[in-house]
Amino acid sequence: MHIRAVQPDELLFLQDIERAAGRCFRDIGMPEIADDEPLPLGELARYQKAGLAWVAANDAHAPIAYLIADLVDGNLHVEQVSVHPDSARRGIGRSLLEHLAVHGAGNGIPALTLTTFTEVPWNAPYYARCGFRPMNETMLTPGLREIREREAAHGLDRWPRACMRRAL
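Going by this note's numbering, the first residue of the sequence shown is number 149, and it counts up by one from there.
It is worth saying that the hints were derived from the structure and are not from the lab. Careful: at least some of the hints might be erroneous.
[Unchecked claim] Below, computed lysine to aspartate or glutamate pairings styled on EDC-like, alpha-carbon distance capped at 20 Å:
| hint | residue 1 | residue 2 |
| --- | --- | --- |
| 1 | Lys-197 | Asp-157 |
| 2 | Lys-197 | Asp-175 |
| 3 | Lys-197 | Asp-183 |
| 4 | Lys-197 | Glu-158 |
[Stated by the list, open to error] Here are the computed distance ranges between Cβ atoms for each label pair:
| hint | residue 1 | residue 2 | range |
| --- | --- | --- | --- |
| 5 | Gly-303 | Ala-276 | 38 to 48 Å |
| 6 | Asp-234 | Ile-176 | 26 to 36 Å |
| 7 | His-247 | Gly-291 | 34 to 44 Å |
As the structure is a computational prediction, the values presented were derived from the model and not from experiment. Every residue, glycine too, gets a C-beta built ideally from N, C-alpha and C.
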């Protein structure tokens, strides 16, 4: 497995990975998340063109996981990290997060942030093991507040969610 920038012709693979990874939510009573469509190709292309999209590829160079990030209030915000279930539980998601951390630190970024479900084992508990810490309401930046508002409008607050931060 190796991590590299997403190529323009791989965007459909990202959608496929997201759909496959999302199916796990059905097993824990979150079918709405499982059925949620991945980001449109145009949005994924925006991340790719901005240099904020990476894949973990297998030995055949095929993407098996991906991470996209945004610059939000001076930090790199993990918009999405997804691992295909056939490749899960091998440290691939953690490797993508570490790659982003190295990228951020090398560019003077002070922290990584993300929003996540607090009660999903492969969400907040996993990110805590990767060095992320919960942020209370007073710690949220304007950009994170805006992200949370968009998520709430999309219906994600039906389940407990949190913002998390990892200092670099």
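Now for the hints, and whether the structure bears them out:
Between Lys-197 and Asp-157 the alpha-carbon distance is near 12 Å, which keeps this suggested pair within the 20 Å criterion. Note on Lys-197 and Asp-175: the hinted pairing is violated, with a Cα-Cα distance of about 35 Å set against a maximum of 20 Å. A C-alpha spacing of about 27 Å is found between Lys-197 and Asp-183, which places the hinted pair above 20 Å, so the restraint is violated. A C-alpha spacing of about 13 Å is found between Lys-197 and Glu-158, which places the hinted pair at or below 20 Å, so the restraint holds.
The hinted window of 38 to 48 Å between Gly-303 and Ala-276 is violated, with their beta carbons roughly 25 Å apart. At about 19 Å, the CB distance of Asp-234 to Ile-176 disagrees with the hint of 26 to 36 Å. For the hinted restraint 34 to 44 Å between His-247 and Gly-291, the CB-CB distance of approximately 22 Å leaves it violated.
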